[in-house]
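Undergrad: Sequence:
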Amino acid sequence: MWDFKEETMSIQYEKLERCYEYYRSIADFHPRVGLILGSGLGGYAKNMHVEKEIPYREIPDFPVSTVQGHDGRFLLGWIGKVPVVVMKGRVHYYEGYSMEEVVLPVRLMKKIGIEILFLTNASGGINPEFAAGDFMMIRDQIASFVPSPLIGQNIEKLGTRFPDMTHIYDEELQHLIRETAEEERVPLREGVYLQTTGPNFESPAEVKMYGLLGADAVGMSTACEAVAARHAGIRVCGISCVSNMASGISGKELSHQEVQAVADQRSAEFERLVTKIIEKM
1 MWDFKEETMS IQYEKLERCY EYYRSIADFH PRVGLILGSG LGGYAKNMHV EKEIPYREIP
61 DFPVSTVQGH DGRFLLGWIG KVPVVVMKGR VHYYEGYSME EVVLPVRLMK KIGIEILFLT
121 NASGGINPEF AAGDFMMIRD QIASFVPSPL IGQNIEKLGT RFPDMTHIYD EELQHLIRET
181 AEEERVPLRE GVYLQTTGPN FESPAEVKMY GLLGADAVGM STACEAVAAR HAGIRVCGIS
241 CVSNMASGIS GKELSHQEVQ AVADQRSAEF ERLVTKIIEK M
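Note that UniProt numbering numbers the sequence shown so that position 19 is 19, with each residue one more than the last.
I should point out that these hints are in silico values taken from the structure, not numbers from a laboratory. Where hints are given, some of them may not hold.
Unchecked claim - The following label-pair restraints were derived from C-beta to C-beta distances:
1. A205 with P147: 18 to 26 Å
2. Q257 with P204: 32 to 40 Å
3. K280 with G233: 18 to 26 Å
4. K46 with Q153: 21 to 29 Å
5. E253 with E51: 38 to 46 Å
6. E184 with T66: 30 to 38 Å
7. G113 with T160: 19 to 27 Å
8. H256 with M165: 27 to 35 Å
9. E156 with E184: 35 to 43 Å
We put the beta carbon where it would ideally sit given N, CA and C, even for glycine.
Using the sequences and the hints, build the whole thing.
TA: This is the structure:
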């Protein structure tokens, strides 16, 4: 009997292989750290020595970001002495991609060599002690409101069927982030990040519910990438820029422009912190 899920996963793995073959045909660079840039970090390239840029649109079967402020290219190079691949722009589930397509970049970065994935994003603050512009190290996450990227037939080459998620965010890397933030005198919150599908912002009632569930911040990315990374055996860490207080907390209406503006205002300090952390990895 024909199995639709098995066929879908086979197609996704074939896409991954085509992306990898293309990469190997144009680059001989083996990064150890992968960095996904969220809103406000689009100009990060100035903090690294870039050896090569690969626009997403040139990679066969690769998803292309359609969101304003997400450029859409891989940057290969060095942050200090650490070889890195930087995703300048990510793709989101709300853009119409399947969840397997959304995490394809993470799986490609694994195939080209990364051992650590550093996730960044902009989020809405739920914790009433937070304020717009705060940085929050992600200690844990809630991904129950979006489809798992692991649904369907498991491909053993990617990871085990039932991967453990007890420590999605690596505790040693969390310690490194705390230590570096203290050294750089950058105030750092900690908390739980919750992903929704988007693209609409959450209602006040939804935000209240998320807070009751234990979420400190909410956004439209990241958690699915972390699941795919852990499935593949990649160590994960993450920092979120709380670019606004979530709906119903501040009493203000929300807009993408506001999110982008606050993230841009905090970008210099965010870039400095991220750079110092990666230099120690």
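Undergrad: For each hint, tell me whether it holds in the structure or not.
TA: Here is how each hint holds up against the structure:
1. A205 with P147: 18 to 26 Å: 23 Å, holds
2. Q257 with P204: 32 to 40 Å: Check failed, 20 Å falls outside 32 to 40 Å.
3. K280 with G233: 18 to 26 Å: 21 Å, holds
4. K46 with Q153: 21 to 29 Å: 43 Å, violated
5. E253 with E51: 38 to 46 Å: With a Cβ separation near 44 Å, E253 and E51 satisfy 38 to 46 Å, so the hint holds.
6. E184 with T66: 30 to 38 Å: 34 Å, holds
7. G113 with T160: 19 to 27 Å: 20 Å, holds
8. H256 with M165: 27 to 35 Å: 30 Å, holds
9. E156 with E184: 35 to 43 Å: Hint holds: Cβ distance 41 Å, inside 35 to 43 Å.
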